[in-house]
Amino acid sequence: MNIVEAEGVKKYFPVKGSILRREKRFIKALDGVSLSIEKGEIYSIVGETGSGKTTLGRILIGLITPTEGSVKIDNIDIFSIGKSEMREIRKRVQIIFQDPYGSLNPRMRIRDIVSEPLKLNRMEYSTEKIARVMEDVGLKPASDFMDRYPHQLSGGQRQRVAIARALAISPEFIVADEPVSMLDVSIRANFLNMMREMNKKYNVSMLMITHDISVASYIGRRISVLYLGKVVEQGENDDIIKNPLHPYTRALMEAIATLGKKEKELHIKGEIPNPMDIPKGCRFHPRCPYAMDICREVEPDLVEISNKHSVACHLYRG
Amino acid sequence: MIDINDLFVRYKTENGYANAVDHINLRIEKGIIFGLVGESGSGKTTLGLTLLRILPPSAEIASGSVNIDGTNILRINENEMRKWRGKRISMVFQGAMNSLNPVINIERQVAEPLIIHENIDWEQALKIAREKLALVGLGENTWKRYPHELSGGMKQRVVIAMAIITDPEILIADEPTTALDVVTQDRIMKLIKSLQREYNLTTILISHDLPIVSEVADKIAIMYGGKLSEVGENEQILRNAKHPYTSGLLSSIPEPGSSKEIKGIPGEPISLVNPPKGCRFYNRCQFASEKCKNYDYSPKIVEVGHEVYCTLYGE
Numbered sequence: 001m002n003i004v005e006a007e008g009v010k011k012y013f014p015v016k017g018s019i020l021r022r023e024k025r026f027i028k029a030l031d032g033v034s035l036s037i038e039k040g041e042i043y044s045i046v047g048e049t050g051s052g053k054t055t056l057g058r059i060l061i062g063l064i065t066p067t068e069g070s071v072k073i074d075n076i077d078i079f080s081i082g083k084s085e086m087r088e089i090r091k092r093v094q095i096i097f098q099d100p101y102g103s104l105n106p107r108m109r110i111r112d113i114v115s116e117p118l119k120l121n122r123m124e125y126s127t128e129k130i131a132r133v134m135e136d137v138g139l140k141p142a143s144d145f146m147d148r149y150p151h152q153l154s155g156g157q158r159q160r161v162a163i164a165r166a167l168a169i170s171p172e173f174i175v176a177d178e179p180v181s182m183l184d185v186s187i188r189a190n191f192l193n194m195m196r197e198m199n200k201k202y203n204v205s206m207l208m209i210t211h212d213i214s215v216a217s218y219i220g221r222r223i224s225v226l227y228l229g230k231v232v233e234q235g236e237n238d239d240i241i242k243n244p245l246h247p248y249t250r251a252l253m254e255a256i257a258t259l260g261k262k263e264k265e266l267h268i269k270g271e272i273p274n275p276m277d278i279p280k281g282c283r284f285h286p287r288c289p290y291a292m293d294i295c296r297e298v299e300p301d302l303v304e305i306s307n308k309h310s311v312a313c314h315l316y317r318g
Numbered sequence: 001m002i003d004i005n006d007l008f009v010r011y012k013t014e015n016g017y018a019n020a021v022d023h024i025n026l027r028i029e030k031g032i033i034f035g036l037v038g039e040s041g042s043g044k045t046t047l048g049l050t051l052l053r054i055l056p057p058s059a060e061i062a063s064g065s066v067n068i069d070g071t072n073i074l075r076i077n078e079n080e081m082r083k084w085r086g087k088r089i090s091m092v093f094q095g096a097m098n099s100l101n102p103v104i105n106i107e108r109q110v111a112e113p114l115i116i117h118e119n120i121d122w123e124q125a126l127k128i129a130r131e132k133l134a135l136v137g138l139g140e141n142t143w144k145r146y147p148h149e150l151s152g153g154m155k156q157r158v159v160i161a162m163a164i165i166t167d168p169e170i171l172i173a174d175e176p177t178t179a180l181d182v183v184t185q186d187r188i189m190k191l192i193k194s195l196q197r198e199y200n201l202t203t204i205l206i207s208h209d210l211p212i213v214s215e216v217a218d219k220i221a222i223m224y225g226g227k228l229s230e231v232g233e234n235e236q237i238l239r240n241a242k243h244p245y246t247s248g249l250l251s252s253i254p255e256p257g258s259s260k261e262i263k264g265i266p267g268e269p270i271s272l273v274n275p276p277k278g279c280r281f282y283n284r285c286q287f288a289s290e291k292c293k294n295y296d297y298s299p300k301i302v303e304v305g306h307e308v309y310c311t312l313y314g315e
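Sequences listed follow chains A and C, in order.
The first sequence begins at 1 in this note's numbering and counts up one residue at a time.
The second sequence begins at 1 in this note's numbering and counts up one residue at a time.
It is possible that some hints are incorrect.
Derived BS3-like pairs (lysine-lysine); straight-line CA-CA distance at most 25 Å [to be verified]:
no. : chain 1 : residue 1 : chain 2 : residue 2
1   : A       : K201      : C       : K260
2   : C       : K155      : C       : K87
3   : A       : K200      : C       : K263
4   : C       : K30       : A       : K262
5   : A       : K262      : C       : K260
6   : A       : K200      : C       : K260
Facing chain C, a subset of chain A residues (Cβ under 7 Å, in silico) [what the hints assert, rightly or not]:
no. : residue
7   : M182
8   : D184
9   : A189
10  : N190
11  : S214
12  : N243
13  : A255
14  : A257
15  : T258
16  : K261
17  : K262
18  : I268
19  : E271
20  : P275
Stretch by stretch, here's where chain A covers chain C in the computed footprint (C-beta under 8 Å, at least three residues) [stated by the list, open to error]:
no. : region
21  : 141–155
22  : 254–263
Derived by calculation from the structure, the hints in this document are not laboratory data.
Glycine included, C-beta positions come from ideal geometry on N, C-alpha and C.
Please work from the sequences and hints to get the whole structure.
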């Protein structure tokens, strides 16, 4: 059973043109992305700045309307339903953001921050319920944190407040947008482990958005690698990490810093281009060491190569 | 040789003094890449700023000395210091790539320090700026561009070109790869490595990211709560870590493809304001004992070049 099903999701943001330039230009943040997230799983999206990963996360919970494509949550097409139905959907999904300093209201006490989604959704709440979820995420004892303000907490503790707030309404699906990238290394590991525990304990599906493939591989069961608004590779964690097929995924794996002195050889050229000027053909071809003639002309489709492991690359066409 | 003796730098805050660099002793040999690793609030940036004497007004160098080639740069007057700052010691600041002037093209920005400080004419200064830009891997087609036309990696190269414009002997690089994607991170580290190798540039690499540092650094110092925890050769720190904090950091790093559980360190980093007596890591350490509360931070020598600041190891 899938909690989320996205089909051909596109999002084009119009760019303000000058008076002289008549034609409308677009930033193609997402250019046809499909994925499905099973109930109870942690799914990871890996991509660098400009890949469209944040836009995708927001579309999946209905915060942004896609230009094209559909998103179903528990089989309900969230962009073709009315306001009152959408309100019901909002009780079932939550999001946590990258910046633990900017995403909590500085004038609210922790108890009010955590209980706010319950109040807004007119759900029952009690101090006991809030204390329980706070202790679940490691804010122990909850009474020590209840009446404090965000500025009195460390970055790691604030991010725990953010996840407590998300879990308070017992959602079925949480989008976590780079939740650990601003946390210190020693705090990060505990936070990831806590997310895994909450995934089981609350039986909540999660989408982990990250630029760090080692974080994705640690926490997720399946991974989609996003490049300039398209999925270039998709599959089970082990298949992606141990047998990366797309030259871009391979480059990401090669580039990971690991402990010990070394000089790595990277098989990738240049940097990610501007999403306003997406290269013709395969959008990765200007950076690809294996680019062939066909790559400059024809955009490759995402094709299943082996069991549930798909890649969009001409190197693997039949 | 950079010889740091009993250096004590603190900031005045509303709640008392924050001891950012708390009586630290450190020797940094010439020509190496020295990795200074610590989490936010460990004092690593303050240590860098002290070497250039550009601390904010709330900071005070309470005691200690920093000897470079026999000169205590904390004692010389401001006029003398100006001959060091930017010329013999230079710094790549954290986030500097986002502080480039948007209305000046990059070759002029890189050349500017020469005009202001060295009294060189524009033509000569631009010539040197272009040499440095080429050196950091920016070709002719980028020299006249403006910052918004450059990618993050290219902007970071511009900042590095600015830092080496006066051929310094010592480069302090504060989190030079933070906020860059992994591929670009790797390229910037390769650039730093090549500058060290080809120009014998002594580099102090400040970062929270131990794996990135460990790929290029010859020696590594681990800081925690304004104190050193452990100092050693790269391999000594990675293969034979002695301090529980170092081991904790090492076990916090996920390895792709390994099913190993990462552990992290319980608790929260300590505040630099009014730190407790004894070991700063006490409340997060699984080996903490009574004697840690009175630990005076006398170093224990593990082997030549490897020092640990912990009561677990002999007298």
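Hints versus structure:
Our distance criterion of 25 Å between C-alpha atoms is met by K201 of chain A and K260 of chain C, whose separation comes to about 21 Å. Among the hinted pairs, K155 of chain C with K87 of chain C is consistent with the structure: their alpha-carbon atoms are about 22 Å apart, no more than 25 Å. Our distance criterion of 25 Å between C-alpha atoms is met by K200 of chain A and K263 of chain C, whose separation comes to about 18 Å. Between the alpha carbons of K30 of chain C and K262 of chain A the distance comes to roughly 21 Å, so the proposed pair stays at or under 25 Å and holds.
Between K262 of chain A and K260 of chain C the CA atoms are separated by roughly 23 Å; this keeps the pair inside 25 Å, and the hint holds. Distance check on the hinted pair: K200 of chain A and K260 of chain C sit about 19 Å apart at the alpha-carbon level, within 25 Å; holds. Taking 7 Å as the C-beta contact cut-off toward chain C, the hint placing M182 of chain A at the interface is violated, the least distance being around 9 Å. The interface hint given for D184 of chain A is met, as the beta carbon of that residue sits about 4 Å from the closest beta carbon of chain C, less than 7 Å.
This hint holds: A189 of chain A has a C-beta 3 Å from the nearest C-beta of chain C, less than the 7 Å allowed. For N190 of chain A, the shortest C-beta to C-beta distance to chain C is roughly 4 Å, which falls under 7 Å, so the interface hint holds. Given the 7 Å rule on beta carbons, the hint for S214 of chain A holds: about 5 Å separates it from the nearest Cβ of chain C. Interface restraint check: N243 of chain A against chain C, minimum CB-CB distance 10 Å, threshold 7 Å, status violated.
A least Cβ separation of about 4 Å between A255 of chain A and chain C falls short of the 7 Å threshold, and the interface hint therefore holds. The beta carbon of A257 of chain A is positioned within 7 Å of a beta carbon in chain C (closest approach about 4 Å), and the interface hint is therefore held. Checking T258 of chain A against chain C: minimum C-beta separation of about 6 Å stays under 7 Å; hint holds. Look at K261 of chain A: its Cβ gets to within about 6 Å of chain C, closer than 7 Å, so that hint holds up.
Proximity of K262 of chain A to chain C holds as hinted, the smallest CB-CB distance being about 6 Å (cut-off 7 Å). A least Cβ separation of about 6 Å between I268 of chain A and chain C falls short of the 7 Å threshold, and the interface hint therefore holds. The restraint placing E271 of chain A at the interface with chain C holds, with a minimum CB-CB distance near 4 Å, inside the 7 Å limit. With 7 Å as the threshold, the beta carbon of P275 of chain A stays out of range of chain C, its nearest partner Cβ sitting at about 13 Å, so the hint is violated.
Judged by the Cβ-Cβ criterion of 8 Å, the region 141–155 of chain C is covered by chain A as claimed, because 4 of its residues qualify and three suffice. As drawn, the region 254–263 of chain C meets chain A at 7 residues by the rule of a beta-carbon pair under 8 Å; at three or more, the given contact holds.
Hint violations for this structure: numbers 7, 12, 20, all remaining hints satisfied.
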